[in-house]
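Asker: For reference, the chains in residue letters:
There are 2 protein chains.
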Amino acid sequence: MPWLRNFIQLSSTFTRQSPLRKSSALSVPPPFLAQLLRHLSSDSGGSYAGLGPTKGDEKPRVVVLGSGWAGCRLIKDIDTKTYDVVCVSPRNHMVFTPLLASTCVGTLEFRSVAEPIGRIQPAISREPGSYFFLANSTGVDFQNHQVRCQTVTDGTHTVDPRNFSISYDKLVIASGAEASTFGIKGAREHAIFLREVHHAQEIRRKLLLNLMLSDVPGVTDEEKCRLLHCVVVGGGPTGVEFSGELSDFIMKDVHQRYTHVKDYIHVTLVEASEILSSFDDRLRKYAIKQLTKSGVRLVHGIVKDVQPQKIILSDDTDIPYGLLVWSTGVGPSPFVKSLEVPKAPGGRIGIDDWLRVPSVPDVFAIGDCSGFLESTGKPVLPALAQVAERQGKYLSKLLNNMGKSGGGRANAAKELDLGKSFVYRHLGSMATIGRYKALVDLRQSKEAKGLSMAGFPSWFVWRSAYLTRVISWRNRFYVAVNWLTTFVFGRDISRI
Amino acid sequence: MPWLRNFIQLSSTFTRQSPLRKSSALSVPPPFLAQLLRHLSSDSGGSYAGLGPTKGDEKPRVVVLGSGWAGCRLIKDIDTKTYDVVCVSPRNHMVFTPLLASTCVGTLEFRSVAEPIGRIQPAISREPGSYFFLANSTGVDFQNHQVRCQTVTDGTHTVDPRNFSISYDKLVIASGAEASTFGIKGAREHAIFLREVHHAQEIRRKLLLNLMLSDVPGVTDEEKCRLLHCVVVGGGPTGVEFSGELSDFIMKDVHQRYTHVKDYIHVTLVEASEILSSFDDRLRKYAIKQLTKSGVRLVHGIVKDVQPQKIILSDDTDIPYGLLVWSTGVGPSPFVKSLEVPKAPGGRIGIDDWLRVPSVPDVFAIGDCSGFLESTGKPVLPALAQVAERQGKYLSKLLNNMGKSGGGRANAAKELDLGKSFVYRHLGSMATIGRYKALVDLRQSKEAKGLSMAGFPSWFVWRSAYLTRVISWRNRFYVAVNWLTTFVFGRDISRI
Numbered sequence: 002m003p004w005l006r007n008f009i010q011l012s013s014t015f016t017r018q019s020p021l022r023k024s025s026a027l028s029v030p031p032p033f034l035a036q037l038l039r040h041l042s043s044d045s046g047g048s049y050a051g052l053g054p055t056k057g058d059e060k061p062r063v064v065v066l067g068s069g070w071a072g073c074r075l076i077k078d079i080d081t082k083t084y085d086v087v088c089v090s091p092r093n094h095m096v097f098t099p100l101l102a103s104t105c106v107g108t109l110e111f112r113s114v115a116e117p118i119g120r121i122q123p124a125i126s127r128e129p130g131s132y133f134f135l136a137n138s139t140g141v142d143f144q145n146h147q148v149r150c151q152t153v154t155d156g157t158h159t160v161d162p163r164n165f166s167i168s169y170d171k172l173v174i175a176s177g178a179e180a181s182t183f184g185i186k187g188a189r190e191h192a193i194f195l196r197e198v199h200h201a202q203e204i205r206r207k208l209l210l211n212l213m214l215s216d217v218p219g220v221t222d223e224e225k226c227r228l229l230h231c232v233v234v235g236g237g238p239t240g241v242e243f244s245g246e247l248s249d250f251i252m253k254d255v256h257q258r259y260t261h262v263k264d265y266i267h268v269t270l271v272e273a274s275e276i277l278s279s280f281d282d283r284l285r286k287y288a289i290k291q292l293t294k295s296g297v298r299l300v301h302g303i304v305k306d307v308q309p310q311k312i313i314l315s316d317d318t319d320i321p322y323g324l325l326v327w328s329t330g331v332g333p334s335p336f337v338k339s340l341e342v343p344k345a346p347g348g349r350i351g352i353d354d355w356l357r358v359p360s361v362p363d364v365f366a367i368g369d370c371s372g373f374l375e376s377t378g379k380p381v382l383p384a385l386a387q388v389a390e391r392q393g394k395y396l397s398k399l400l401n402n403m404g405k406s407g408g409g410r411a412n413a414a415k416e417l418d419l420g421k422s423f424v425y426r427h428l429g430s431m432a433t434i435g436r437y438k439a440l441v442d443l444r445q446s447k448e449a450k451g452l453s454m455a456g457f458p459s460w461f462v463w464r465s466a467y468l469t470r471v472i473s474w475r476n477r478f479y480v481a482v483n484w485l486t487t488f489v490f491g492r493d494i495s496r497i
Numbered sequence: 002m003p004w005l006r007n008f009i010q011l012s013s014t015f016t017r018q019s020p021l022r023k024s025s026a027l028s029v030p031p032p033f034l035a036q037l038l039r040h041l042s043s044d045s046g047g048s049y050a051g052l053g054p055t056k057g058d059e060k061p062r063v064v065v066l067g068s069g070w071a072g073c074r075l076i077k078d079i080d081t082k083t084y085d086v087v088c089v090s091p092r093n094h095m096v097f098t099p100l101l102a103s104t105c106v107g108t109l110e111f112r113s114v115a116e117p118i119g120r121i122q123p124a125i126s127r128e129p130g131s132y133f134f135l136a137n138s139t140g141v142d143f144q145n146h147q148v149r150c151q152t153v154t155d156g157t158h159t160v161d162p163r164n165f166s167i168s169y170d171k172l173v174i175a176s177g178a179e180a181s182t183f184g185i186k187g188a189r190e191h192a193i194f195l196r197e198v199h200h201a202q203e204i205r206r207k208l209l210l211n212l213m214l215s216d217v218p219g220v221t222d223e224e225k226c227r228l229l230h231c232v233v234v235g236g237g238p239t240g241v242e243f244s245g246e247l248s249d250f251i252m253k254d255v256h257q258r259y260t261h262v263k264d265y266i267h268v269t270l271v272e273a274s275e276i277l278s279s280f281d282d283r284l285r286k287y288a289i290k291q292l293t294k295s296g297v298r299l300v301h302g303i304v305k306d307v308q309p310q311k312i313i314l315s316d317d318t319d320i321p322y323g324l325l326v327w328s329t330g331v332g333p334s335p336f337v338k339s340l341e342v343p344k345a346p347g348g349r350i351g352i353d354d355w356l357r358v359p360s361v362p363d364v365f366a367i368g369d370c371s372g373f374l375e376s377t378g379k380p381v382l383p384a385l386a387q388v389a390e391r392q393g394k395y396l397s398k399l400l401n402n403m404g405k406s407g408g409g410r411a412n413a414a415k416e417l418d419l420g421k422s423f424v425y426r427h428l429g430s431m432a433t434i435g436r437y438k439a440l441v442d443l444r445q446s447k448e449a450k451g452l453s454m455a456g457f458p459s460w461f462v463w464r465s466a467y468l469t470r471v472i473s474w475r476n477r478f479y480v481a482v483n484w485l486t487t488f489v490f491g492r493d494i495s496r497i
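Sequences listed follow chains P and Y, in order. Offset between the first sequence (1-based) and my numbering: plus 1. Offset between the second sequence (1-based) and my numbering: plus 1.
Please note that a few of the clues may not be correct.
Which copy is meant is left open, because identical chains are indistinguishable; a pair holds if it fits in one copy or across any two.
[To be verified] Below 20 angstroms or equal to it, Euclidean Cα-Cα: the simulated SDA-like pairs (lysine to any residue) are:
1. K311 x G184
2. K77 x F490
3. K294 x I313
4. K294 x V153
5. K253 x P123
6. K415 x N402
7. K379 x K447
8. K253 x R475
Since the hints were derived computationally from the structure, they do not count as laboratory data.
Isolated chain P (complex conformation):
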């Protein structure tokens, strides 16, 4: 029996590393592992295992909390010859948020907008002192330069969450903000946000499910109208872009592929004040006209209650829905709230002109979780990808210079000259509104003068600009391929 002979031969070959219990003696670790084990076993003196303070023969360690625009730009640009980088985040990829709305209806695929951290900074998976940890940060001991973390194990019952700590030389808090519901009852339970890839997946699954359920014999017309009523709360760029994508999907794909129920599907966009309030008046009017043409109903109202099958506005209008997407801005996360540092207006972590958290040494905060302290005289910057990315870029430079001037270690940068402070210059805003139309507003602020345009040329600028901004060549290629196939074959409607 060649099979059995083979197996017996094999068993003896593999004994040294075999995970079978009967032969579980572990081999002597190779040099690489030895170095690794030294790292891991250097317990920090706290109650649980972790990465201890860096020693003289190791590189100083930058710990980055978060993997959004700010954190990933910093991780990408940090000099890994000067520093070891440790990234802690509950997701192992960055989401290219401006294109996320397109994935909900299949214009783009989910993976085309997700960039693994290991590709953004390869050192994180190769260098023995650099790590990515799939974990949430639960607290910071600023006194002892230490972050406490807990692993994320969602959906797995065989592994308990594990607590560990990481000592830092420099800490960068880039953990972002949280979707805000203004305390409206039921919103968190029944609405879907649009901030992560799994949100987009949930929206796509629900939309396709509702399309199919409404076609089942015995469903009343009223129920069909409800199931196929897609309500978007919040008229910012995310809400408007999603509404535009949805109406494109309805006009092109639902009309072809769900002929039986196509007359029942509608999109309503609810906004308490003005849609796209950051854009110039002319563009806003254009957007309203185009959205209306595409069949998006615009409702001016304030949501006061969210129930499983309907929302209720402050004037007591009921709006039944089958799909409810919520996008009304962001607020500070529980982690940010829990940090005992001076806060900027809006509850964000207060930072100075160099993005430092002034009250504690070696700690920086960037992106949506941070805001200039009132003492700097500067306004809190808007929660935008371009602000976050610019801050990540600036801070990586600052840290790289610091490291080269010998200030990389904990408490070693007190006397260093930090150079120029961070100055934000707004490059403009863009938003698609469906049907190959977009808005491009290149003014530096709402009051300033400058170029603003709308229509097909803007849409072309929008696509080209984002295609060049996608981080890796792999995803740039996939986004282009997705756009091409959507154009040729239509959107994908398989519910997987």
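Starting from the known structure of chain P, fit chain Y onto it as the hints suggest.
Answerer: Here is chain Y on its own, set in the frame of chain P:
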């Protein structure tokens, strides 16, 4: 305020179809809807709503239960000028199963192997009398030519499952089989099968989670070995192909992207008798040699118990695992068991030479759920994609001819000549084993002589053959693009 003006104008425009409660009067349905409503309201006389028996001015109705290889081939080839088609299945797409194993490690994307039913047969979403229902069939009333169904609403709490019935002129049962665990305790709870896209997604998420969890400070070496031990039970083509893909992933991607833990990850393939038992001896030996070279450990043993973190073999060996994939063949589903018709050996629905279920009129069964009755003198065919597809193709021809000869209605085909009976001719088997190697066995049966080959040329044949077999041009294009990007950029490791 242009916004408000716009909204008021809009409200009046949309009043007729508005799903807002305040103005819920529904418009008079257009002609298309009227036809639709007639269909839906024709209650079948049973206890719940449904599609009633077809009338003289309607086409006869073929109801297909299932959307696998058999059902989808039939749906694709059926003449929609002669018949209305209704497909009932818990998933709205067909899975291109031979390539499913590749999606678990990111060689291919999930959507590249899923083909929406609406694209396989466009009439199903366009014709007023053709439908796809996302539902499970719960029973058949053969006497009254009626199928009972229940909608699938997984993950949605706001919609209750809905019962409905469908009257058929012809019924095709193609609901497939169920993964079989031979009653081994714990297998269904702790192992993941590899039959649907969501299984592949679960495997990918778990594999990436384990890779990341094992890198966390404080995890012991023993725990690392367990977390990163991937155990595959069942040495058929699926188990072998998955093991090969896994070892490719480990050698190319884990070694580059998870350097810290790469020495801890292993693959073990457990089989009770011989791997790839349907292949020729020479090919089997070649496969064993190649898999062993790639680091796959082959274990000859019978699993007697599955626990959350380990399996136990009949000789009391413990095999701890972090990921357990189960692929030991299939058996009849509860739906098939519940049908009161004569059964073929193995509990499948018994069929005659023309794929009819002889005891009841107008009912056919194809694919893994069916088997020749002993009285036909033919053996039960293996549960293979090519058997199912060939049966679907044959039956669509038979039904098309029947329809053209006036036998399309219920009870109208009793006297018709059915033509040639179904004869299965095996075209051969293929399986990849990783590292650009595959087996191709073109013999018609295990005893017959014929071409069989192994190695890179076979791998090339394997890829080309499957690329041409992928159903739509869209997915053919995506599979090619996926293969290309995997080759150039490596596999995607973002855990979304």
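Asker: It remains to establish, for every hint, whether it holds in the given structure.
Answerer: Now the hints, each set against the structure:
1. When the C-alpha separation of K311 and G184 is checked against a cutoff of 20 angstroms, the pair qualifies only within one copy, where the shortest distance is 17 angstroms, while the shortest distance between copies is 46 angstroms.
2. In this homomeric assembly, K77 and F490 come within 20 angstroms of each other (Cα to Cα) only across copies, at 18 angstroms, whereas the closest approach inside a single copy is 36 angstroms.
3. Taking the shortest alpha-carbon separations for K294 and I313, neither the intra-copy value of 26 angstroms nor the inter-copy value of 64 angstroms comes in at or below 20 angstroms.
4. Proximity of K294 to V153 under the C-alpha cut-off of 20 angstroms is found in neither arrangement, the shortest distances being 45 angstroms within a copy and 35 angstroms between copies.
5. For the identical chains of this complex, K253 and P123 are inter-copy neighbours only, at 15 angstroms across copies versus 41 angstroms inside a copy, given an alpha-carbon limit of 20 angstroms.
6. Taking CA atoms no more than 20 angstroms apart as the test, K415 paired with N402 passes inside one copy only; the shortest distance there is 14 angstroms, against 88 angstroms between copies.
7. For a Cα distance limit of 20 angstroms, the shortest separation of K379 from K447 inside one copy, 17 angstroms, qualifies, whereas the shortest one across copies, 80 angstroms, does not.
8. For the homomeric pair K253 and R475, the shortest alpha-carbon distance between copies (17 angstroms) is at most 20 angstroms, but the shortest distance inside one copy (28 angstroms) is not.
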